[in-house]
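K.L.:
Throw the hints in and build the complete structure from the sequences for me.
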Amino acid sequence: MTITENKPTSIIGTRLLRREDPPLLTGEAKFTNDLNIPGALHLAVLRSPFAHARIKSINVSAALKIAGVVAVYTGKDLQSTWAAPMPCAWPVTADMKNPPHFPLASDKVNYVGDGVAAVLATNETASRDALDAIDVEYEPLQAVVDLEDALSDKNVIHKDLGTNKSYTWPLLVEETPGCVEEAFKKAKYKVKERYVQQRLIPMAMEPRAIAAVPQPFGGDITLYSATQIPHILKVMTALTLGIPEQQVRVVAPSVGGGFGSKLDVYAEELLCMALARKHNTPVRWVEERSENAQATIQGRGQIQEIELAADEKGKITAVRVRIVGDMGAYLQLVTPGVPLLGAFLYAGVYDIPKAYDFSCTSVFTNLTPTDAYRGAGRPEATYAIEMAIEALAREMKIDPFELRKRNYIKKEQFPYTAFSGLTYDSGDHLLAAEKAATLTDLAGVRAQQKKQNVPGATKLLGVGMSSYFEMCGLAPSRVLASLNYSAGGWEAATVRVLPTNKVQVITGTSPHGQGHETSWAMIASEKLGVAPEDVDVLHSDTAISALGLDTYGSRSLPVGGVAIALACDKVIEKAKLIAAHQLECAAEDLQFVGGTFSVKGSPDRALPLAAIAFGAFTAHNLPDGCEPNLEAQVSYDPPNFSWPFGTHMCVVEVDTETGAVKILKYIAVDDCGNQINPLIVEGQVHGGVVQGIAQALFEEAVYDSDGNLKTSTLAEYLVPAASDVPAITTGHTITPSPTNQLGVKGIGEAGTIGAAPTVMTAIIDALSSLGVTSMAMPASPQTVWKTIQEATRGGKK
Amino acid sequence: MIPAAFDYKRASSAAEAISLVSQYGSDAKFLAGGHSLLPLMKLRLAQPAMLIDIGRVKDLSYIKDAGNHIAIGALTRHMDVETSKVLHEHAPLLSHAAGHVGDAQVRHRGTIGGSIAHADPASDLPATTLALGATYVVQGPKGQREIAAANFYKGFLESDLAADEMLVEIRVPKMQGAGWSFQKFNRRAQDWAIVGVAAWRRKGEAGVALVNMGSTPILATSVAGAIAKGASISDAAAMASNEADPQSDLNASTEYRKHLASVLVRRALEAASK
Ligand SMILES: Cc1cc2nc3c(=O)[nH]c(=O)nc-3n(C[C@H](O)[C@H](O)[C@H](O)COP(=O)(O)OP(=O)(O)OC[C@H]3O[C@@H](n4cnc5c(N)ncnc54)[C@H](O)[C@@H]3O)c2cc1C
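Those protein sequences? They're chains P and F, same order as listed.
Sequential numbering of the first sequence, starting at 1, is according to our numbering.
Sequential numbering of the second sequence, starting at 798, is according to our numbering.
List of simulated lysine-lysine pairs, DSS-like, C-alpha gap at most 30 Å:
| no. | chain 1 | residue 1 | chain 2 | residue 2 |
| --- | --- | --- | --- | --- |
| 1 | F | Lys855 | F | Lys939 |
| 2 | P | Lys65 | P | Lys108 |
| 3 | P | Lys405 | P | Lys450 |
| 4 | P | Lys192 | P | Lys786 |
| 5 | P | Lys65 | F | Lys839 |
| 6 | P | Lys65 | F | Lys806 |
| 7 | P | Lys662 | F | Lys1055 |
| 8 | P | Lys786 | P | Lys450 |
| 9 | P | Lys459 | F | Lys1055 |
| 10 | P | Lys65 | F | Lys826 |
| 11 | P | Lys278 | P | Lys108 |
| 12 | P | Lys192 | P | Lys154 |
| 13 | F | Lys1071 | P | Lys451 |
| 14 | F | Lys951 | F | Lys806 |
| 15 | P | Lys710 | F | Lys826 |
| 16 | P | Lys710 | F | Lys951 |
| 17 | P | Lys192 | P | Lys313 |
| 18 | P | Lys459 | F | Lys1071 |
| 19 | P | Lys600 | P | Lys570 |
| 20 | F | Lys839 | P | Lys710 |
| 21 | P | Lys354 | P | Lys165 |
| 22 | P | Lys459 | P | Lys665 |
| 23 | P | Lys435 | P | Lys451 |
| 24 | P | Lys574 | P | Lys502 |
| 25 | F | Lys839 | F | Lys855 |
| 26 | P | Lys397 | P | Lys185 |
| 27 | P | Lys405 | P | Lys192 |
| 28 | F | Lys1055 | P | Lys710 |
| 29 | F | Lys1071 | P | Lys662 |
| 30 | P | Lys397 | P | Lys411 |
| 31 | P | Lys30 | F | Lys839 |
| 32 | P | Lys154 | P | Lys108 |
| 33 | P | Lys665 | P | Lys450 |
| 34 | F | Lys826 | F | Lys855 |
| 35 | P | Lys662 | P | Lys435 |
| 36 | P | Lys405 | P | Lys185 |
| 37 | P | Lys502 | P | Lys600 |
| 38 | F | Lys1055 | P | Lys786 |
| 39 | P | Lys786 | P | Lys710 |
Treat the hints as calculated values from the structure; they're not laboratory data.
These numbers come from a predicted model, not from an experiment.
P.N.:
Okay, here's the thing in structure tokens:
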């Protein structure tokens, strides 16, 4: 680790307060809808109230009469505007079915929320009034809501495709042909479980907002959008609209959370751009909360079947997984790839032989499209294996922690080549799990549980756990290529030392709450020996940061942060040549410590970086062939994914009379390698854990059988507040990643991945004496109560 | 979240508000704290043509000891009800329940009068004042009249208030040291109750009202009757589930709601008996 070279200043690992917070907390930060854009027209989108219907006619004449309304467009009116359908960048198989998807539907609507008409008005109120005045005649069709129903193809949504199945993606890894089947035949213990990953609504605190500002002369256009992906958006909107890419600039101002929901190319972005060009005037749009629930992508939506085979000691000998993925009505940017991101992780943190049989079939439904949502595929996989291993422990009548210990990949086995051929670079699962057990006081809780969970008791204690491995830091471009992903996984960084020794870091990552400005400044500060406040971090504007692949998949630090460290190295290399020239010594004789170059062994012969920065600017005295200025640019493509891991535990108390679940203790032990800023790491874990608890206990996008969303406001869609979640104890083990010079791994999704199975295993543990062996998510009081009723009434035991 | 267009007038007294509402008729609505009305308007589920803002009628915001009852002005905010020393002493069940309405922001804007006039069966204060045997004072063009809480609630969001009448005062009998309990069962702290119970008990007497168990707040007279006849708490509580025919929604089926009602009534009576 070269990071320790600059020890004297060591800022890395300190709990520096986030520089992002004062402007965010005082309202100084500008979100897209805060931008003052004179003369902008307001877009409003009329949305289908039917999940599946033919559009028979649209009458816009009354809407056009409303004062302030400038124009109304239907899908047919705009059809010739699009150079291509909306993009899906992940054709997972060669024969994947992908129905054409345009910003407005023309003949048929396919989900409640599908855009039908676009209004432009001089003010927001008129645009909203116009929506009420548009008369659409629909011919309702039978909606496909249920996944099994979709699979049956009885009612095909996209008739031209001939089926509701988009693709089947298998991953069969066998040491010898047929060995999976063989293992199940020979197994001493077997379990077969079925889980439903309910649909979740990401509900970023800031809904989507857009402003497209055209330059009437020359054809340039700037898109301001509350997006996670300004760089990808630039390419995709240029292609979809047929605008030369160099004429498109995308800016993401302050962005209030995304969780994957802003990792997309949306109809409204394309509508704003197309109509801004048509009318030669800026067009803006801001999403209403219930529009956000219906027309922004949703997450999860899978039915999982998992089977484990194990020998007499409980060592897992084979894993078989069948998934049905709910794509919703259309494929958005990476919709079909989400189940694949989990496909390699259904063996979790366990050492299994090459006997792995995975297959995912994904189907269309008449529901809002799904796409990546915090963890994307990996929470689903972790949930299935962790719930299944508990089922196996029940089957074997042994302690689930003991069973995990028998199966963990051992510390000595790292770097570990998994059944899939992927290399898990580092890990120590037992250490993390034991640390979690200590923080939980597992022995004490088990003793208390014995005392408390007596027959007739109505407040039952339960302990749950989950150990996870995360495959994140979406990178190695070649591996992504092998999965048919259309883009790479590198990240770009530029580091520039200004004449006064202040530093600009330009990153291709696009933060929307993660604190990159703070963390990236810390990295540059550590490397260059300057104060963190002397480092400015520029991002999220394609005119400033021309290259980048943005922020998702816990990639920003292990890819983008490492790129910054590498760019700093390049800057230091160049500065060293200049220093050697001016100090009249050989570059090899110089050391760089605390921001100063000095000749090894004679500390008086020294030059601070400040002098070199100014010298590089004046260019008065540079070595021959050395270009002026101190700047370096790097595009970094890591050799491997990032593999954070950890164990979460929690203690719950279930009120059997009401079904209410109370989390008494929550412990998260996460290992993300070296921590740049522990304060930010804890923040990511807290937020992630709360989102996982939300899936376990609170949140679900509920649809009726006609495909109407019943949870379209925050009164029905239960995002938990601070008062509804426990205090979270965070603990860490630190196993530096050997893959990158900072020794870092991603931490953005870990909490979400660990939390849902931790809570659910605890609830089942609490109710085990009543014969409860499974529980649907979210474990609402009613669901818990009904499950108890069925277990005790039905004599399941 | 943009409401349909409306006009706005601000009243500075009850009399002015009533004369304005008589003038504009059924298109007009009073605006108190706005925390029930404005969300409905933003979703365009309510589209009044005229809003008569009574939120600044200062002389209707008070809590006074009036001998055998406490008089509360209709424009008193939930937060003032929650923190009132007079109520802590004489009607702690009401101040406690007010502390469970929504979150702090809601409690600083919402009014007890708005909550009662809105007659939402899921709201906490209608049922609580019902359990306490409150009397509501309303004022119309012809003067004031008193309505017993038990006769006030007529249906879902419907009350005995005429369109040109305004609720001006809530009179809550002093609890005289009765034991009490407020049980609010919900999934998130700031939510409306899935089922709620307001109860008080004094020797052979009890008052029990149910939140969100039907189209109106419900006075569980059979439970109180059973207690008066000397029934055990659990026997009396079991009768709660027969008091109502509650709706089924995302959070609770009819069956589960009825079950919750008896569990919560039992817990409330147990706590009130301590
Ligand atoms: C996020 C949120 C959470 C909430 N949670 C809860 C909860 O947990 N429990 C709960 O009980 N409530 C809850 N509420 C509702 C809150 O208590 C409201 O404040 C209350 O229901 C209405 O009071 P208001 O003063 O805001 O009335 P407004 O919204 O101003 O008016 C409501 C209705 O009553 C009429 N009205 C108002 N005052 C009078 C009057 N003096 N005479 C005649 N008519 C009148 C109005 O015309 C209107 O029709 C919540 C509200 C929100 C926004």
